[in-house]
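S.K.: Listed below are the residues making up each chain.
2 protein chains.
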Amino acid sequence: MSLAVTDALLEGEKVGLRCEDGLIAAIGPEVEPVPGDETIDAGGGPLVAPLINGHCHAAMTLFRGSGGDLPLMPWLEELIWPIEARLDDEDVYWGARLACAEMIRTGTTRFWDMYWRPEATARAVVDAGIRATVGAPLFDHDGDAAQMRRSALDSLPALSDLHPRISPSLAPHAIYTVSEDSLRWIAALGAERGIPIQIHLSETAQEVEECLAAHDMRPATYLDSLGLLNERSLLAHGVWLDPEEMALVSERDATVVTNPVANMKLAVGGIFPHPVARAVGVAVGLGTDGAGSNDSLDLLSDLKTFALVQKHAAADPTAIDAAEAWAVATGDRAPLLGAGRPLSVGADADFLLLAPVSAELGIGDLTAGLVYAASGSIVDTTVVAGRVLMRGGVIPEMEEIVARAAERARRLGL
Amino acid sequence: MSLAVTDALLEGEKVGLRCEDGLIAAIGPEVEPVPGDETIDAGGGPLVAPLINGHCHAAMTLFRGSGGDLPLMPWLEELIWPIEARLDDEDVYWGARLACAEMIRTGTTRFWDMYWRPEATARAVVDAGIRATVGAPLFDHDGDAAQMRRSALDSLPALSDLHPRISPSLAPHAIYTVSEDSLRWIAALGAERGIPIQIHLSETAQEVEECLAAHDMRPATYLDSLGLLNERSLLAHGVWLDPEEMALVSERDATVVTNPVANMKLAVGGIFPHPVARAVGVAVGLGTDGAGSNDSLDLLSDLKTFALVQKHAAADPTAIDAAEAWAVATGDRAPLLGAGRPLSVGADADFLLLAPVSAELGIGDLTAGLVYAASGSIVDTTVVAGRVLMRGGVIPEMEEIVARAAERARRLGL
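Chains A and B, in that order, are what the protein sequence lines are.
Residue 371 in this note's numbering sits at position 371 of the first sequence; the count goes up by one each step and never skips.
Residue 51 in this note's numbering sits at position 51 of the second sequence; the count goes up by one each step and never skips.
It cannot be assumed that every hint is accurate.
Stated by the list, open to error - Subject to a maximum C-alpha distance of 20 Å in a straight line, what follows is the list of computed SDA-like cross-link-like pairs (lysine to any residue):
1) A:LYS14 x A:SER358
2) B:LYS14 x A:SER358
3) A:LYS14 x B:ALA403
4) B:LYS14 x A:ALA406
5) B:LYS14 x B:MET1
6) B:LYS14 x B:THR367
7) B:LYS14 x B:VAL345
8) B:LYS14 x B:VAL31
9) A:LYS14 x A:MET1
10) A:LYS14 x A:PRO33
11) B:LYS14 x B:PRO29
12) A:LYS14 x B:GLU11
Keep in mind that the hints were calculated from the coordinates and are not lab data.
All chains should be modelled from the sequences, with the hints used to inform the complete structure.
M.R.: Quick look at the structure:
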């Protein structure tokens, strides 16, 4: 199976591209299709690296538009958790298929997911054609640590063996929902298997206060004391990390994924201190969080919000520029996220073709246009592993996916 | 000329709609096309009121992606003003056509514009098929008040007589760029002709400090002292209005248009105090500002940012809900903006049909989906004065408009 792209624009130059066996076989001004290639004419549209969504709860598309405009804890306790207790595999599968469809539509081809029934999410990702690092959220604040550990041990081989586009992970929900003993157990298991660990960290000021009260340490320091802060750690949020914690996160080579839209929607009150993270060399990625608390999975839109809130928080329009925001959203500032070296020979054949004609692009710098002017609808074609998942803005299965997901949401009373 | 829409969804109910002579002639579950109607099948997609962009500099699409990531004054003084000195009518016309195309694409059918060569902008609006209140920015800080006044007096009749979809206005740039004497002259002219006055007000903290230093009054109080605060006044920004000024603005029935994206992009440091405005009953609208400082004109995206920053600033997710944000963006909270009573018999036949199938909508509350999940690309069909300007996301002249605008930008060295 081979794919060729003609007449694409890469850094201002007209190029061709060829994919073989899911990898980029050739890219450059002289590259032409060979007989047998499926061929796409980009029509002069830009060829760009895809985005990576570093923090998501994909199946939560089912909860979209049902949050009212509630605070975090009532939203979780009154709305989300009671319904989550009733979710089955088909709910999670179709919720995640809808999430994947939205991500494909808007240029995200890889994401990090933390949700119940992770095998169902992983199956949805495989069927959708994109990539994900998937983990079940581990909780034991209700006391059943043994059950939680069994469930984690069960899901790991299923996730590891499912498909090359799926990576397993461990996903302790947060330091306030998983006991110290279980966090140590997770750290040891992660180290033994060499797999990443995703955790919500320092999302609210309350979490920091409670951590200080319980452990006399701030959250990152506490994680470190448990062996959970290392190059396999993905910390979602990090809103309240102080400069000392940020230096520690950098020293341990852990990754922070900022979710500016979800943080503002739930009004956690702070903004991830990106200038501090950058100054000490912390690896940073960008995430949407779940559709329940965003409610969009269009990372190309959230990318703008990321840049805007950083400028606003610093009261300085130069606090972050378009190139840096773009680098964060494509995973270029956080190797753990898995972007590799996109658009190069031998890399995964994952890429986007943008609309050749649009109101948003065509004047001024392309990266500035992508960050500040465009939304995800600028993506015309999405290719993953050399397979065309969307062409001309159309995902063939969209109608069925939307209908099936809506049916599952209705079943749950959403 | 008559137009009929079938199978649209209005507040959960299947309806039809008919337009005659630019007005809505009938709307409801029983309404069917009559012979001779141009007919659109909405395919079950939602019918919604269009958005109103309360503050724009349309032709500044030419400056898109060329701001670097600069602070306000260097951006204006080093980049914008020198190029603006060289703009001709064709530049402004094609820049504004591009702006109109983006607004049609993303569901805005009426905007308030303040820019050089307003007749060229107005011509672009007429040709594009939408509506605008247009005014030239009046400056006399370089000393030439006589020239400024002549120019204002010249453009008023041209704008008044051009077309029913164009309304004239006066647009003094700001209190720091127009002399006290000229502001009084503008107030008198506006009162005599009964036309609206648009002005940037309280955008930066520096403006407030300088106003206090020069006049011993804060900006809104200063405006009021000149006769410029009344039911015809549109104040763009209002970031730094204090509670006393807000009460005064409410008492005078003036309108404030908040531009959250531009404020964050230029990092003015504050956020429009919407909860205060609401508490004292100030009329509030939403704007994108010019594409040079946003850089998008997709008000349906900015609508989300508006809600997010209000939640963030209040550290309270209930600070604004989706219904209120939607009302602000459609002009329902500020009669001056001109929305009237949309989607009712006798109203202007201006409306949107949304995509019947999309990843973003279809689960949960429609308004929540529009505010938090969708971008402007959710708009499938845009109708103004009973004329279909976009269908299936396609604006027929888009390719020519983008090419011509890009050519004008290149001519200017952008």
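S.K.: For every hint, state whether the structure bears it out.
M.R.: Each hint, compared with the structure:
{"no.": "1", "hint": "A:LYS14 x A:SER358", "verdict": "holds, 18 Å"}
{"no.": "2", "hint": "B:LYS14 x A:SER358", "verdict": "violated, 33 Å"}
{"no.": "3", "hint": "A:LYS14 x B:ALA403", "verdict": "holds, 18 Å"}
{"no.": "4", "hint": "B:LYS14 x A:ALA406", "verdict": "holds, 19 Å"}
{"no.": "5", "hint": "B:LYS14 x B:MET1", "verdict": "violated, 24 Å"}
{"no.": "6", "hint": "B:LYS14 x B:THR367", "verdict": "holds, 17 Å"}
{"no.": "7", "hint": "B:LYS14 x B:VAL345", "verdict": "holds, 17 Å"}
{"no.": "8", "hint": "B:LYS14 x B:VAL31", "verdict": "holds, 10 Å"}
{"no.": "9", "hint": "A:LYS14 x A:MET1", "verdict": "violated, 24 Å"}
{"no.": "10", "hint": "A:LYS14 x A:PRO33", "verdict": "holds, 14 Å"}
{"no.": "11", "hint": "B:LYS14 x B:PRO29", "verdict": "holds, 6 Å"}
{"no.": "12", "hint": "A:LYS14 x B:GLU11", "verdict": "violated, 48 Å"}
Against the hints set out earlier in the document, violations occur for numbers 2, 5, 9 and 12.
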